[in-house]
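With chain L fixed as given, assemble chain U onto it according to the hints.
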Amino acid sequence: MEKFARNEPALWMIQLFRVSKIYPPNYPALTDIHLHIEKGEFVFVSGPSGAGKTTLLRLLFREEEATEGQIIVNGRNITRLNGARVARLRQAIGLVFQEFKLLPSMSALENVALAAEVVGMSRTESRRRAFHLLRELGLKDKHDARPPTLSGGEQQRVAIARALVNDPILVLADEPTGNLDAEMAEETMRLFLKIHEKGTTIIIATHDSGLLRRFQHRVVLLQRGRLMADSKTAGRSMVSKVEP
Amino acid sequence: MKLAQALFVLRRVLRSLRELVWTHLLTSGTMAMTLFIFGGFLLIQENLQGLLRGWGSRIQIFAYLENGLSPADLQSLAAEVRAYPEVESVRFVSKTEAWESFKKTLGTQSGVLEGLPPDILPSSLEIALQRAHRQRASVAGIAQRLRGIKGVGEVEYPDEWIEKLSLLVLGVQWAKWILGGFLFLATMLIVGSTVKLAILARKDEIEIMQLVGAPAGLIKAPFIVEGMVQGIVGASLALGVLWLLYLLARYHLPASLAILPSGDQLQFLDAAAASLLVFLGWLLGAGGSWFSLRRFLKTW
Chain L
1 MEKFARNEPA LWMIQLFRVS KIYPPNYPAL TDIHLHIEKG EFVFVSGPSG AGKTTLLRLL
61 FREEEATEGQ IIVNGRNITR LNGARVARLR QAIGLVFQEF KLLPSMSALE NVALAAEVVG
121 MSRTESRRRA FHLLRELGLK DKHDARPPTL SGGEQQRVAI ARALVNDPIL VLADEPTGNL
181 DAEMAEETMR LFLKIHEKGT TIIIATHDSG LLRRFQHRVV LLQRGRLMAD SKTAGRSMVS
241 KVEP
Chain U
1 MKLAQALFVL RRVLRSLREL VWTHLLTSGT MAMTLFIFGG FLLIQENLQG LLRGWGSRIQ
61 IFAYLENGLS PADLQSLAAE VRAYPEVESV RFVSKTEAWE SFKKTLGTQS GVLEGLPPDI
121 LPSSLEIALQ RAHRQRASVA GIAQRLRGIK GVGEVEYPDE WIEKLSLLVL GVQWAKWILG
181 GFLFLATMLI VGSTVKLAIL ARKDEIEIMQ LVGAPAGLIK APFIVEGMVQ GIVGASLALG
241 VLWLLYLLAR YHLPASLAIL PSGDQLQFLD AAAASLLVFL GWLLGAGGSW FSLRRFLKTW
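Those protein sequence lines, which keep their order, are chains L and U. Going by our numbering, the first sequence opens with residue 1, and the numbers climb by one from there. Going by our numbering, the second sequence opens with residue 1, and the numbers climb by one from there.
Here chain L stands alone, though its shape is the one from the complex (with noise of 0.2 Å):
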């Protein structure tokens, strides 16, 4: 975990360089892209369905292999990772997803300690700590509850305090509003800032264009797996370009 988490000296989070991904038997999902998100960087990837928001994220978190390219996390090249280096990176990731990825027959506060648990950390202080989180993200007294009796925002939120338990370097979320109503995602995206405003790198993939335009953050758009716009260098004017 050290050596994914440490705090490295340079500047940047992440780095692609010229990074590709082909789905046999020849679906491009990702061509040639080059993205470097600086620590600390709140970035929205934006796009249509297919754009390859979603392979982005799985390279990154290494679900997924690139075909080219090279990827830097934090300062360490995982293109090529064996099984035990891929445990280490994830341990130092924080993942959301649109479908909660929770475990029905075990308890919010189970759900969340397991991450803890199985990096190492003991039951008791697992559980601790993901009681306090469960707090902190307004589920005091949900702590027992299974998820199928919560609902889709208290859901993502237990999900969300998974994704913090080990404190992460950097939270990746795949539509995380994708399945809430407005004011649940509204409400689970003040999270995320809050999650932010404590340095951690957040990187959100939504093709929610309302979203983009509510929180004022860096974009980057993907068109059929290529990089099409970035807000960094073409300004803030180019999200209200993205489609809704």
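Keep in mind that the hints are not guaranteed to be accurate.
Capping the alpha-carbon separation at 25 Å, the derived lysine-lysine pairs in BS3-like fashion look like this [as the list claims (entries may be wrong)]:
| hint | chain 1 | residue 1 | chain 2 | residue 2 |
| --- | --- | --- | --- | --- |
| 1 | U | K196 | U | K176 |
| 2 | U | K220 | L | K101 |
| 3 | L | K194 | L | K140 |
| 4 | U | K196 | L | K101 |
| 5 | L | K232 | L | K198 |
| 6 | L | K101 | U | K95 |
| 7 | U | K203 | U | K220 |
| 8 | L | K39 | L | K232 |
| 9 | L | K140 | L | K198 |
Since the hints were derived computationally from the structure, they do not count as laboratory data. Please read these numbers as outputs of a predicted model, since none were measured by experiment.
Quick look at chain U alone, frame taken from chain L:
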């Protein structure tokens, strides 16, 4: 693996054993059947070997003497045989003694001997061999030498019986490994399938563990430990059933099967054989799980 992770594995194993008790029992039962068959062969082999050892201690060569030998001839003949390095003891059986012994053997049917002269049976030497020379080849060699001694007529020893029993023991020994081997592989596949089902049942949990950075060893360990527990439970079940059968045979073995040792001479598996069975159960469970995990868990 850290202590906290080891405890985590233990908790997961206990939880799985509690929640999927019937699946685990079914797998243990399958393993128990295989191990029972293997253990049964071990038990038969052990008892046949015991039988062979018992018979071996009683292996004697009977050298029947020609008529008309003087007491001096008899003494020198017995001394000559006693001097053989392979011979442990030599006992002279006179014609009268042979007659009496034969009558005693016939018991109530000894009336059939009426009218026969009591010296009809030849005198003989009963020759017991030292333990190291009780193999078939040794016995045959000594018998051959005895046949060459003047005054010795027929020479007999229980050749066929020893050979057949030795072959039977050898057959059981081979059957144990061949049949046991096939059953072992078949059971390993069944265990593998059960683990595959367990993996599919916990697919989401495994996926989430992978996503949050659980090391591969931590994901696999509970399945392998569960396999070991199933194997040890299976072996214990097999040993239990074998023990019951052993008790049944020991106290209810028909007396008519006089060829077999009497009930109280029957032996159960010794500590080494029982340990082998438990070890095989352990190996079966752990191996089956390991192979299945290799095939079905997603690797990076």
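Each hint tested on the structure:
{"no.": "1", "hint": "U:K196 / U:K176", "verdict": "violated, 29 Å"}
{"no.": "2", "hint": "U:K220 / L:K101", "verdict": "holds, 20 Å"}
{"no.": "3", "hint": "L:K194 / L:K140", "verdict": "holds, 18 Å"}
{"no.": "4", "hint": "U:K196 / L:K101", "verdict": "holds, 22 Å"}
{"no.": "5", "hint": "L:K232 / L:K198", "verdict": "holds, 22 Å"}
{"no.": "6", "hint": "L:K101 / U:K95", "verdict": "violated, 96 Å"}
{"no.": "7", "hint": "U:K203 / U:K220", "verdict": "holds, 12 Å"}
{"no.": "8", "hint": "L:K39 / L:K232", "verdict": "holds, 14 Å"}
{"no.": "9", "hint": "L:K140 / L:K198", "verdict": "holds, 21 Å"}
The structure does not agree with the numbered hints 1, 6 stated previously, though it agrees with the rest.
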